[in-house]
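Student: Please work from the sequences and hints to get the whole structure.
Taken in order, these protein sequences are the chains called A and B.
For the record, in the first sequence the residue sitting at position 93 is 93 according to the numbering used here, with numbers rising by one throughout.
For the record, in the second sequence the residue sitting at position 133 is 133 according to the numbering used here, with numbers rising by one throughout.
If you're looking for bench data, these hints aren't it; they were derived computationally from the structure.
Honestly, I wouldn't trust all of these hints.
Derived coverage of chain A by chain B (criterion: at least 3 residues anywhere in the stretch with Cβ under 8 Å from a Cβ of chain B; other residues may be distant) [stated by the list, open to error]:
hint	stretch
1	34-48
2	54-60
3	100-107
Nothing here was measured: the structure is a model prediction, and the numbers come from that model.
Quick reminder that beta carbons are idealized off the backbone N, C-alpha and C, glycines included.
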Amino acid sequence: VRHAPWVAALLVAAGCGGTIDAHDLRQRVETLGSLAAEGRLLGDDVAADRSLSTFVRVHARELAAAADHQAEQLADATAPTQLADVRSSALVLARRIARDLGDLQVTPDAMTGRRVAAALGRRSREARRLQARP
Amino acid sequence: VRRVGAVALGIVAAIGGFVDVGELVFNTQAGARFGYAVLWAVPVGVLGIIVFAEMAGRVAAIGRRASFDLVRDGYGRRLGTLTLVCSLALNFLTFCAELGGVGLALQLLFDATPQLFMLLGLVVLMTAAWLLPFEGLERLFGYGGLGLLVYAVAAYHLHPDWQAAADGLVPELQSSGPYLYFVVGMLAAAFMPYEIYFYSSGGIEEGWSEDDLGANRANAIIGFALGGVLSAALVIVAAQVLLPAGVTPDTLGTTALAAQHTFGEAGLILALTGVAFAVGGAAIDTCFSGAYNLAQYMRWDWGHNRGPRGAPRWYATVATFFVGGYAIIATGIDPIRVTEYAVVLSAIVLPLTYLPLLRAAGDRDLMGDHANGPLASTLGWLYFGVIVVVAIAAPVLLVATNGGSG
Chain A
1 VRHAPWVAAL LVAAGCGGTI DAHDLRQRVE TLGSLAAEGR LLGDDVAADR SLSTFVRVHA
61 RELAAAADHQ AEQLADATAP TQLADVRSSA LVLARRIARD LGDLQVTPDA MTGRRVAAAL
121 GRRSREARRL QARP
Chain B
1 VRRVGAVALG IVAAIGGFVD VGELVFNTQA GARFGYAVLW AVPVGVLGII VFAEMAGRVA
61 AIGRRASFDL VRDGYGRRLG TLTLVCSLAL NFLTFCAELG GVGLALQLLF DATPQLFMLL
121 GLVVLMTAAW LLPFEGLERL FGYGGLGLLV YAVAAYHLHP DWQAAADGLV PELQSSGPYL
181 YFVVGMLAAA FMPYEIYFYS SGGIEEGWSE DDLGANRANA IIGFALGGVL SAALVIVAAQ
241 VLLPAGVTPD TLGTTALAAQ HTFGEAGLIL ALTGVAFAVG GAAIDTCFSG AYNLAQYMRW
301 DWGHNRGPRG APRWYATVAT FFVGGYAIIA TGIDPIRVTE YAVVLSAIVL PLTYLPLLRA
361 AGDRDLMGDH ANGPLASTLG WLYFGVIVVV AIAAPVLLVA TNGGSG
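Tutor: Below is the structure:
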């Protein structure tokens, strides 16, 4: 119990929990928008058969891991009341982006590429809308 | 014919050596975030490195002095040792990043763990460094790095707004912290000291003399300018492909994606092959530079061309870099982050490296009729001022902007 404040401080410093402010939240949503937009480009290339499956798998895995990481951080963070809604929406968005990218990683074929590109295009627009929220 | 060959060799070596893993990602990030507004940092940096590379080659050819001979003789023991320690650490960190970059490029091509490809890259680099002559190393990594020209072709193919690109060449200072961070970072990348250590020691390895001054000038001007063309091409391609899509790149994969999105599979393969060779060349440059610096400072026999028997401690240092670098990067540390930490060290190393070179190149006792004339001298001191500003600003902006993220 005596060490609890130190442990809590360490966890916050390590990104495990803590309160998220508006600036941090906006940056995380921006990152999610970027990941979705990049995934859309990758999906477009897969749909047009303009890529190597090895590259698609590695890069989609990398992007999905980054989206998962954002989801974890958003899930651990507590937001002030006025940001709670945006945080929840961002968390859902992060999970969906990670899932879409995971699909592309597992099945890098033209049909999946088309579907994922369309889905990630929507997620990218959703991220822009979230960013614009007060 | 030999001189023409020497120039051609310098050109391909510069293409391979000028664009390292940090710069590949950094320039792409800059173009994707700020479009053409950061382009002016490329010619400003390239002109500076041309001025100093030409001086380093001239001092090597006429004065027979490499960079760390000048550091040792130009500074007292404490300052000289500080310069040596910081430059060794900087070279080592950069070497770790380049070795990691080779692993990442091969992983993107073949999909296996990067650690496996880092080990493979290490074995290939060690074998090449052991078996090939100095010129052969330049040729292998330089020609291989030519794959990166895909970005120059892509920049043209994407039909950029040339008027906007030309406007971007006019220096503009915006007050935004991240913008300044990227501009300063691009300038710092152009002046990375290992290029000068490698270039001047390479001139001595190749036995340059007064007869080679023309080739030195051509190497410096054409070679580094071509490196600059590649840097600018990365910015333009990112501005055309990634900026409109809203992508903020953070990995080498995004840089490769920009080539793929333009030219498909062929563009991707050329880009990743070019990256692997160029970054492999940069790994050799940094590793050799570390060994050159230590050997020159300690007055050991040095040089790749002397062989392990002629320069045993130089070869032992190279081997230590290889093994130590792999041990660090195999822990899974992100090579791109490592290059960011290197910026902090470069703040100390940059001015301390360039000052003795500038003084030696202007020294009539050492250089005779080949000492700096008014133009070289003015440009040299002007750029030294730029280097001091960059060296102070880079770590401050790195911390203040949280690595450019704002």
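Student: Run every hint past the structure and note whether it holds.
Tutor: Hint check results:
1. 34-48: Holds, because 9 residues of the stretch 34-48 of chain A bring their Cβ atoms closer than 8 Å to Cβ atoms of chain B.
2. 54-60: holds (count 5)
3. 100-107: The restraint on the stretch 100-107 of chain A is violated, since only 0 of its residues have a Cβ under 8 Å from chain B and three are required.
Hint compliance for this structure: hint 3 is the single one not met.
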